[in-house]
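Novice: If you read the sequences in order, they're chains A and B. Just so it is clear: in the first sequence, position 94 is 172 by the working numbering, and no numbers are missing. Just so it is clear: in the second sequence, position 74 is 95 by the working numbering, and no numbers are missing.
Bear in mind the hints are in silico, worked out from the structure with no lab data behind them. Remember, predicted model here, so these are calculated numbers, not experimental data. Don't be surprised by glycine CBs; every beta carbon is placed ideally from N, CA and C. A couple of the hints might just be wrong.
Taking beta-carbon pairs under 10 Å as the criterion, some of the chain B residues facing chain A (in silico) [what the hints assert, rightly or not]:
1) Gly51
2) Asn53
3) Gly120
If you want the building blocks of each chain, they are given just below.
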Amino acid sequence: EVQLVESGGVVVQPGGSLRLSCAASGFTFDDYAMHWVRQAPGKGLEWVSLISWDGGSTYYADSVKGRFTISRDNSKNSLYLQMNSLRAEDTALYYCAKDIQYGDHLGAFDIWGQGTMVTVSS
Amino acid sequence: QSVLTQPPSASGTPGQRVTISCSGSSSNIGSNTVNWYQQLPGTAPKLLIYSNNQRPSGVPDRFSGSKSGTSASLAISGLQSEDEADYYCAAWDDSLNEGVVFGGGTKLTVL
Numbered sequence: 079e080v081q082l083v084e085s086g087g088v089v090v091q092p093g094g095s096l097r098l099s100c101a102a103s104g105f106t107f108d109d110y111a112m113h114w115v116r117q118a119p120g121k122g123l124e125w126v127s128l129i130s131w132d133g134g135s136t137y138y139a140d141s142v143k144g145r146f147t148i149s150r151d152n153s154k155n156s157l158y159l160q161m162n163s164l165r166a167e168d169t170a171l172y173y174c175a176k177d178i179q180y181g182d183h184l185g186a187f188d189i190w191g192q193g194t195m196v197t198v199s200s
Numbered sequence: 022q023s024v025l026t027q028p029p030s031a032s033g034t035p036g037q038r039v040t041i042s043c044s045g046s047s048s049n050i051g052s053n054t055v056n057w058y059q060q061l062p063g064t065a066p067k068l069l070i071y072s073n074n075q076r077p078s079g080v081p082d083r084f085s086g087s088k089s090g091t092s093a094s095l096a097i098s099g100l101q102s103e104d105e106a107d108y109y110c111a112a113w114d115d116s117l118n119e120g121v122v123f124g125g126g127t128k129l130t131v132l
């Protein structure tokens, strides 16, 4: 079964740091680009970041550039999001998602995890 | 304010055909393909349409997508009660900061 399972979401104080993880199974992880997408409570979807299949290329939304770092370990079929200098507006459910395009990225997400909740509050 | 513009709400009766619009610009919809997602309450989004008009395996052919210029639309025919959900359009944006941009979402109500 193709599956993505996120973990690491907690309550953290403003200015704090957090690392999210996403474990992939059921597909050849290192053949696909991967993304993080977030959704604030009661709000719409916001794309956060993309990493290419080999980790050689990364992209970030303006709202997180310079604060968040996406990475992957293909030997462990795992995706990560290091989040620093967290703000209240980063409070959201964070999804990891697989790109549908083999070997490249299309920006279409065909597999989603269940999400992990990050709350930034004092 | 979302980069792509969708109507906040739409509605229809069972069996009816409804369409949801998505408006963008030359840097996103105008030069890249459009994808659509369905999000049922309390669940993760699901890919409904990719590359403007392609359906992933398992998505009923009641759902269809189209694109023209800098706008796109999602059509749902034979509306069913289980189609009541939030729908989002998205596209790659080639502006200074490349990345995926979403519409604000459309809440579809089946009357």
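Novice: All the hints need checking, so say for each whether the structure fits it.
Specialist: Evaluated hints:
1. Gly51: violated, 15 Å
2. Asn53: Holds, because the Cβ-Cβ distance from Asn53 (chain B) to chain A comes to roughly 8 Å (cut-off 10 Å).
3. Gly120: Hint holds; Gly120 (chain B) Cβ to chain A Cβ min 5 Å, cut 10 Å.
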